[in-house]
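The listed protein sequences correspond, in order, to chains A and B. Going letter by letter, the first sequence gives residues 1 to 180 in the working numbering. Going letter by letter, the second sequence gives residues 1 to 339 in the working numbering.
Lysine-lysine pairs mimicking BS3-like chemistry, simulated, CA-CA at most 27 angstroms apart: (1) B:K6 x A:K11; (2) A:K110 x A:K153; (3) B:K6 x A:K7; (4) A:K7 x B:K85; (5) B:K6 x A:K2; (6) B:K85 x B:K112; (7) B:K124 x A:K11; (8) A:K7 x B:K335; (9) A:K11 x B:K61; (10) B:K62 x A:K7; (11) A:K7 x B:K88; (12) B:K323 x A:K2; (13) A:K19 x B:K62; (14) B:K124 x A:K7; (15) A:K11 x B:K62; (16) A:K7 x B:K61; (17) B:K6 x A:K19; (18) A:K2 x B:K89; (19) B:K7 x A:K7; (20) B:K89 x B:K169; (21) A:K7 x B:K112; (22) B:K169 x A:K2.
Hints were generated in silico from the structure; no laboratory data involved.
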Amino acid sequence: MKYSYIKPRRKSMLTPEIKLVVTFFAMTLFMLISTYVFLLIKNSQFQQEEIDIIEAKYNIERNIKIMEIKIIYIEKQNALSQKIFTKNSVLKDSIKNLFDLVPQRITLSKAELLKNGLVLYGITPNKDVYNFMLHAPLRSIFHRTYSSFYPAKNGWLKFVSTNYMDNDIEKIMNEETNDE
Amino acid sequence: MFNNLKKFLYTQIYINIIANAQKTVIYVEELHSNGSSDNFEEVFNSTQRVEIYECIQAFAKKSPIHYISILDNSPSCGAIPTCSKEDKKLYYNSSDFENICTPEGWTYYTSKRDLLELQGHYHKVGLDFIFSPFIILSNFFIDKISNDIAMYILINEDNLVLSVFEDSKLFFAVNLDMENKDLDSNDELLMDIDDDEELDLEESVDINLENVDVDDDVELIDEFDDMEDLDTFDDMDEFSQDAIEEDSVSEKSSKDDFEDQNGFGVDYHRFSLIQSAINNFYQDTKYDSKFIETVYIADSVGISNELKKFLEEEMFLSVYVRKMNLGHELCELSKAELR
Numbered sequence: 001m002k003y004s005y006i007k008p009r010r011k012s013m014l015t016p017e018i019k020l021v022v023t024f025f026a027m028t029l030f031m032l033i034s035t036y037v038f039l040l041i042k043n044s045q046f047q048q049e050e051i052d053i054i055e056a057k058y059n060i061e062r063n064i065k066i067m068e069i070k071i072i073y074i075e076k077q078n079a080l081s082q083k084i085f086t087k088n089s090v091l092k093d094s095i096k097n098l099f100d101l102v103p104q105r106i107t108l109s110k111a112e113l114l115k116n117g118l119v120l121y122g123i124t125p126n127k128d129v130y131n132f133m134l135h136a137p138l139r140s141i142f143h144r145t146y147s148s149f150y151p152a153k154n155g156w157l158k159f160v161s162t163n164y165m166d167n168d169i170e171k172i173m174n175e176e177t178n179d180e
Numbered sequence: 001m002f003n004n005l006k007k008f009l010y011t012q013i014y015i016n017i018i019a020n021a022q023k024t025v026i027y028v029e030e031l032h033s034n035g036s037s038d039n040f041e042e043v044f045n046s047t048q049r050v051e052i053y054e055c056i057q058a059f060a061k062k063s064p065i066h067y068i069s070i071l072d073n074s075p076s077c078g079a080i081p082t083c084s085k086e087d088k089k090l091y092y093n094s095s096d097f098e099n100i101c102t103p104e105g106w107t108y109y110t111s112k113r114d115l116l117e118l119q120g121h122y123h124k125v126g127l128d129f130i131f132s133p134f135i136i137l138s139n140f141f142i143d144k145i146s147n148d149i150a151m152y153i154l155i156n157e158d159n160l161v162l163s164v165f166e167d168s169k170l171f172f173a174v175n176l177d178m179e180n181k182d183l184d185s186n187d188e189l190l191m192d193i194d195d196d197e198e199l200d201l202e203e204s205v206d207i208n209l210e211n212v213d214v215d216d217d218v219e220l221i222d223e224f225d226d227m228e229d230l231d232t233f234d235d236m237d238e239f240s241q242d243a244i245e246e247d248s249v250s251e252k253s254s255k256d257d258f259e260d261q262n263g264f265g266v267d268y269h270r271f272s273l274i275q276s277a278i279n280n281f282y283q284d285t286k287y288d289s290k291f292i293e294t295v296y297i298a299d300s301v302g303i304s305n306e307l308k309k310f311l312e313e314e315m316f317l318s319v320y321v322r323k324m325n326l327g328h329e330l331c332e333l334s335k336a337e338l339r
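Can you make the complete structure from the sequences, with help from the hints?
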């Protein structure tokens with residue numbers, strides 16, 4: 001019930017001492033929360049960095065595998081190139097030997113190197129020179145040798161010498177045998 | 001919940017001020033959170049305003065939960081037996097007065113100007129409650145006012161608060177200032193009592209006790225000691241006439257001596273005021289008057305037995321005196337207000 005003519009003043013709980021204590025605790029709490037938030041953010045950052053590092057590691061590992069594959073490929077290519085180089089060397093030697101085979105009296109106008117054969121075009125003074133000086137060494141190298149002549153305008157003979165190695169024939173023969 | 005927390009954290013301090021013309025009493029009650037309480041009472045000369053403020057501030061600083069209450073002793077305070085706005089106009093100008101209506105259907109009021117003056121006087125410490133002496137009186141005799149008609153009087157240093165209740169209904173209330181010399185109605189009362197007796201109460205009541213020179217008229221004091229033996233007002237009349245004729249040169253010293261020797265003079269003055277008030281109650285048509293047989297007195301100052309005898313023997317009233325600690329009553333009212 002209302003007895004007094006006036007209303008009581010508002011009573012605040014915050015005395016200067018209480019304000020000091022509350023301020024102190026508020027600051028302490030604020031610092032604790034700030035530290036917690038700071039650690040939380042840092043932890044989150046570290047976790048993100050960890051994820052990035054794991055991803056980078058995965059990428060690197062994948063790249064390593066790719067590179068290993070490439071290395072293997074390059075090694076194979078290297079081996080292939082070595083093989084080609086060897087083959088080329090052999091071919092070079094063969095061509096050199098071929099040209100060494102051709103005597104000075106016979107002039108080659110064209111040479112076709114086939115996979116397992118050799119076609120030579122040229123001019124010879126006569127058949128004998130060709131047969132003795134070129135045909136004989138060719139026959140010793142190739143399994144089959146075919147020669148055809150036709151006269152040139154200066155009285156010499158133009159020739160076409162077709163020479164084959166028999167590897168394909170053997171393969172065909174073998175395949176036919178297997179089929180049977 | 002918030003209030004309970006406040007109570008748990010802080011001691012509640014109720015500072016109660018009873019300011020009279022001569023002295024100011026500061027009654028303090030401290031309610032601790034563990035349920036225990038401490039009481040303090042300091043009495044100051046009312047002129048020691050700085051000391052009074054320092055005392056109040058010293059207690060107020062102990063806890064933020066402190067309430068400062070003061071008793072409204074202003075002469076303008078009063079009570080009327082109605083809550084109706086229309087009826088209030090018969091008693092006072094409602095725009096100038098602050099009033100509170102009680103659930104029992106009566107209103108106590110005081111001047112807004114006096115309230116502001118009181119708040120201004122204590123603006124350094126601030127006030128939370130200003131209580132009317134009428135509500136204190138009715139609360140003090142809460143167990144009696146619901147009975148048959150009786151007069152209830154709160155005796156304070158500077159004033160008498162008088163009210164008449166029956167079945168918790170207020171019939172009459174008046175605040176009598178001890179310094180007030182305007183007692184026009186006294187003669188009417190006494191003439192009513194016994195017209196045949198050669199009474200001249202006007203003169204007897206108009207005595208300014210401060211003017212009585214006791215040193216110069218010791219025999220007169222002896223007559224006052226035998227006041228209880230007075231059967232008529234003749235002797236009083238004689239006394240008053242003699243007193244008025246005294247030389248005014250030594251009035252100050254005589255006043256002090258008079259008060260020191262015996263308080264019955266003051267009590268007689270109170271008796272006179274009560275008489276006049278009762279007369280006013282019987283005569284004034286505004287009040288629904290009934291015959292009063294019983295008087296309950298709340299004594300906050302320590303009256304002598306003389307007043308009771310005056311009332312019993314001169315007015316044939318049944319008088320009951322109950323000691324009152326006004327500060328404590330203010331404190332209880334503050335607590336009740338906060339509940």
